[in-house]
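Could you put together the complete structure from these sequences and hints?
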Amino acid sequence: MTMLPLGAVFALSLVAYSGGAVASLLSWREAGLARRICCGTALAGAILTGIGGLLALVQETPAAWSVSSGIPLFSYSFTYDALAGFFNLVLAILAIAVSIYSFSYLKEFEGKRNIGVFGFLFHLMLLSLTVVFTAANAFLFLIGWEVLALVAAGLVAFYHEDRASRRAGFLYAVMSHIDGGCLLLGFALLIKVSGSAEFATFHNIAAQMSSGELTAAFLLFFLGFGMKAGIIPFHIWLPAAHPVAPSNVSGLLSGIVIKCGIYGMIRIFLDSFGVVPSWVGLLVLIVGVVSAVLGVLYALMEHDLKRLLAYSSIENVGIIFMGIGAALIFRANGHPLLAGLALIAATFHTLNHAMFKCLLFLGAGSVLHSTGTRNMENMGGLIRPMPVTAFCFLIGAVAISGLPPLNGFVSEWFTYQSLLAGYGATGRLTRILFPLAGSMLALTGALAAACFVKAFAITFLALPRELKQHEVHESPRSMLVGMGFLATACVVLGVGATWVLPLFDGMMNQLLGQRVVGHFITGNGLVLAASTPAGGTVSTAVIGVGLMVLLLPAIFLVKAGAKQFGRKRGPAWDCGLPGLTSQNEYTSTAFSKALRMVFSVLYQPRREIQSVFDISPYFPKEIRFESGIEPTFEKRLYNPLKQLILSWSKRMRAIQAGSIHAYLVYIFITLILLLLFGVRP
Amino acid sequence: MYFVPNPELGNKIIILMAALVLVLQIAAVGQRGIISSIRIFGVQSFLLAGIATVIAYFNKAEHVYVAAILTVLLKAVVLPRVLERLVEKIGIRREIEPLINVPLSILTAGGLTLLGYVVAASFYHPEETAGPAALGHNTLPVAIALFLIGFFVMVNRRKALTQVLGLLSLENGMFLAAISLTYGMPLVVDIGIFFDVLVAVMVLGILVFRIREAFDSMDVSKLRKLRE
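In order, the protein sequences belong to chains A and B.
Take the position in the first sequence, starting the count at 1, then add 21; the result is the number in the working numbering.
Take the position in the second sequence, starting the count at 1, then add 965; the result is the number in the working numbering.
Honestly, the hints are just simulated from the structure, not real lab data.
Cβ atoms here follow ideal geometry from the backbone N, Cα and C, with glycine treated the same way.
Some hints could be false.
Unchecked claim - Per label pair, the in silico range of CB-to-CB distance: (1) A:Arg674 <-> B:Leu985: 33 to 39 Å; (2) B:Gly1076 <-> A:Ser90: 41 to 47 Å; (3) A:Leu94 <-> B:Asn971: 58 to 64 Å.
Stated by the list, open to error - A short list of chain B residues far from chain A (calculated; beta carbon distances all over 12 Å): (4) Leu974; (5) Ile980; (6) Ile1000; (7) Leu1038; (8) Leu1069; (9) Gly1075; (10) Ala1086; (11) Asn1103; (12) Arg1122; (13) Leu1146; (14) Phe1160; (15) Leu1163.
Quick look at the structure:
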């Protein structure tokens, strides 16, 4: 295939995004017009990005364009290869869903907020994302990266009258600054070795680096990309930032923006570095395990629906890191097939997590839109007034819990298989670590299921708690269509996994130099197989069909029975005690109580009971109960760090005299010293 | 009659003009009136343009003529006018109050000139670059001295307006270094620098007004209050 259509599609998508950004800014006075422009051009651009991504995934040779800028080391180079195509495709699917969703979601902004500014930031976010995924020059990449960070910080702080939003936006900006700095230093090291900033010259660069340089470069990139991806312990910005953003933006932030870190890891560690020592993979694997387990444990304790989803993003990024780490280890030890298995797991989970996390955030946005609260303790019974939202949320919850036949199951199954295969394939340390990581993943999966049972049940099932049922309404149609689109994607990617995975072959060929996907699909293209000695096989297509076969007669029987015997409605789960109210229900806190006790070492739960009484302690007037868990990372890691920096800054304050003359003298003396230093014999 | 370019003659002219530029710079350090400081700057810029013209003529570097013309227009005509009108608008005719007294200031300027020669000596290799290409190379110490003295003037003045003058003569030093070492940078760079200077003067001009409004004085020492 020629480069022309891909190039044209790519250029058009960039034009659509930048044109949309300017157009929505110009039309800010007309809220309705701005909303239509904002969603329309974003949708058009996203469709173009999607076509481009698909073209790049299926075509054999990558398309590349480069325009010299006249500035040394910097050029406008883009490479649209299979890896870029994959991430652009993920971006496109989410952007399409979010644009449709926003069409009515943004209506509530009309007259209250500046939709023009929102559209401007939204388009710039999509633009910088697609630039990050296609840039082939280190500085172009960094420019895209920084623009993305700025724009995302702006969107996080979009509800700027709210103090929490401003703080979260600030925290996001600070963390983005640090990770941008790490990446700049990392790229500086690569440029020093290769003599150029083009990604093409970084190919197999690990072979040319000394071990010290490699270690430094690896750690810098790991910090930079890890911070963006929100892995523990660099995660604290994530549960602060994602919940406070407008919900459609939260969906994109958790769905694709944090995936930039994943993209960077794959691009630099797998595509550029070549074969790296296996400790690199081990570190990624261990950090992944820690993030997955702790992420889901913190998610379980949340009763803010969007914060719960944010913590669950940390968990899923951890699972993706496990796959990448395993792939790096396998490649270092010369097992390309197993590396392929692990990498398919990681990339497929990236795609899947993007789908269901965005879906869940859109669902949470729909709930928030209708109820005006994020606190699950106040919800309950929402399935009656909002059945479609509830159904979509349920699909997302089932998918994220890793239940067959949905997509989360497939990628988590691949991750298990690659971790289990590691037992028989590698050195002594990894022989111990791989099964441990596998069991941790199993724990994560179970806890995630518990977490989403809670998220769904407390929100949508049972009796309504604080909210007045008649005030809650189903969301407008375009929001439902956006969610339905993603819910369909979750089902298709799960049941149709064996048809979707061959699309990954070009990317695997690019990263590993081998087409591996064919090894993992057997049984006339219906069965997924791990293709390792101890590996298993599974077919989501068959499970899907089986479920249908079981479900359809059941539905038919219920319908037929209702016709014959008449339908009776009775209270559920009242255990023979009639007249239970919503006060008797499980709350979110109560549901997670058992786990809070089991993992009390980690949570350090704190509870306080205070009774106020007049005369006798047996007749309290008022009982106040408070419980919470300790924010370990903030308290043990970030607060001491903050104190340290503040105390240094105070000492530095001494040279801030406040007088221009003093500053000029500083510069003058430095200049003369440097001159004398320069001419010293 | 066609004038035969004689590098020896060109060199002499340049050295003479560079010496005058340096003398003017030291004179500016000892100057107490604002208007005369501005005029010294104008004359100095005019001489600088002369040096550029001579270098352009002897090295046949046509684009340096453009730089020379721009220097005359901007630094010898426009900027002094702008600054004088600024002084009139604010209505100050008071003398400049330097932080260090005049004799000591001139002594310091002499010391900085010496430093300029010491620093430039390490770059000066006459045996390597003989012939017309070496034309103007020996103005480098003057350029460095101009730069350092300009900086010293900025440090030594209380008023924002006189600090602007220091900045401008500092920039003159940079211009001299650039044309004497490279026979004129690419024109784009030159124009960029001129534009920078213009913007700097505009911004500082506005700043002078603001400082006066806020503090009832142009004394930048009072900006110390902004610290808290």
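- prompt: So which hints don't hold here, by number, going up?
  reply: Numbers 1, 3, 10, 12 - these are the hints that the structure violates, sorted from lowest upward.
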